[in-house]
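Quick note: the sequence shown uses our numbering, first residue 1, plus one each step.
Since the hints were derived computationally from the structure, they do not count as laboratory data. Glycine included, every Cβ here is placed at the ideal spot set by N, Cα and C. Some hints could be false.
Unchecked claim - For each label pair, taking beta carbons as the anchor points, the in silico distance ranges come out as:
| no. | residue 1 | residue 2 | range |
| --- | --- | --- | --- |
| 1 | Asp171 | Pro288 | 51 to 57 Å |
| 2 | Thr272 | Met200 | 40 to 46 Å |
| 3 | Arg276 | Thr201 | 20 to 26 Å |
| 4 | Gly76 | Glu264 | 24 to 30 Å |
| 5 | Tyr178 | Thr260 | 23 to 29 Å |
| 6 | Ser154 | Cys131 | 23 to 29 Å |
| 7 | Lys162 | Pro217 | 18 to 24 Å |
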Amino acid sequence: MQVRLIGAHVEALRKLDDRHGGGALSLRYVTSELRNVLDLVQFADYEPAVGRELMTIVADLAQLVGWVHFDAHRYGGAERYLLLSERVARGLGEHGRAANAIGMLAYISAFAGHGQEAVHIASAAEQCSPCDPILQARITGRVATAAAAAGDLSGFRRASEKARELLACADGAPTYLYYLEPEQLIAEAGQALVVLGEHMTVYRNRLLGEAIDLLVPISKVGARPDYPRSALLHGAFLTKAHLLSGELEPAVAAARATLTRLSEVQSIRGITYLRRLRPDFARRSRSPVVSEFLPEFDKALAHV
Numbered sequence: 001m002q003v004r005l006i007g008a009h010v011e012a013l014r015k016l017d018d019r020h021g022g023g024a025l026s027l028r029y030v031t032s033e034l035r036n037v038l039d040l041v042q043f044a045d046y047e048p049a050v051g052r053e054l055m056t057i058v059a060d061l062a063q064l065v066g067w068v069h070f071d072a073h074r075y076g077g078a079e080r081y082l083l084l085s086e087r088v089a090r091g092l093g094e095h096g097r098a099a100n101a102i103g104m105l106a107y108i109s110a111f112a113g114h115g116q117e118a119v120h121i122a123s124a125a126e127q128c129s130p131c132d133p134i135l136q137a138r139i140t141g142r143v144a145t146a147a148a149a150a151g152d153l154s155g156f157r158r159a160s161e162k163a164r165e166l167l168a169c170a171d172g173a174p175t176y177l178y179y180l181e182p183e184q185l186i187a188e189a190g191q192a193l194v195v196l197g198e199h200m201t202v203y204r205n206r207l208l209g210e211a212i213d214l215l216v217p218i219s220k221v222g223a224r225p226d227y228p229r230s231a232l233l234h235g236a237f238l239t240k241a242h243l244l245s246g247e248l249e250p251a252v253a254a255a256r257a258t259l260t261r262l263s264e265v266q267s268i269r270g271i272t273y274l275r276r277l278r279p280d281f282a283r284r285s286r287s288p289v290v291s292e293f294l295p296e297f298d299k300a301l302a303h304v
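All chains should be built: construct the whole structure from the sequences, respecting the hints.
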């Protein structure tokens, strides 16, 4: 009974992270929960079956702690905890969990600016992934993000399309992939297209236009209400796409809508993405619509 309660608590912590993201309080709380479970593993008396359940919870909590570190912009800690999750999962024979943790490492490398490293890590995740359509969809989506970070447009398109096809064939998801819906892959593709558009001169306008088409619906207030942190991130990328396209009024509108998420989201990653937009807006401050918006932008970010 106690192990089931701990497992339910892990699920609740995942949902809490979806809503609020990786602020300092979330980081401390989730990390302390992992320590508590590790203490149980080391000092409690239990049957082998209970021990396996506890170690599975350790793998899941380590994965969550790693992700919260990433969302708190602490890449070193994120990598350490995800590697712990992978090793525990592999020791349990939970190859899906292990592959998922490796895929997360690829995603982190991609957004840390290490595109080629992300490609290699994502390839390793592919090689060890079990033949489960939804898990393969998840890993292939990571491959797409890694390809975009490395500037590989054709590789991104192949992997992104394949991920959507695999997800369409999937039937049910393991608990650690509860969030993987078509909208998630759409969002990741949109963000990847912004990354490609920012660093490519050929096809730039086309790529940014595709990104905007994907990100507009899922960035709206009310879209996927259980995932406000994701909506903030999508909105930041949408704003960037509009700015790169020279569409200043839509950029201001997207940024203004995104700022409304700050009242419920404490994701340091999301807040950092918003702060990075400040110089982009400042370079366009001769535009009346931008110059009028900048004080509002600064005021909103001064309170987080």
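Now for the hints, and whether the structure bears them out:
| no. | hint | in the structure |
| --- | --- | --- |
| 1 | Asp171 <-> Pro288: 51 to 57 Å | holds (53 Å) |
| 2 | Thr272 <-> Met200: 40 to 46 Å | violated (23 Å) |
| 3 | Arg276 <-> Thr201: 20 to 26 Å | holds (21 Å) |
| 4 | Gly76 <-> Glu264: 24 to 30 Å | holds (28 Å) |
| 5 | Tyr178 <-> Thr260: 23 to 29 Å | holds (26 Å) |
| 6 | Ser154 <-> Cys131: 23 to 29 Å | holds (25 Å) |
| 7 | Lys162 <-> Pro217: 18 to 24 Å | holds (22 Å) |
Hint 2 from the earlier list is the only one contradicted by this structure; the remaining hints agree with it.
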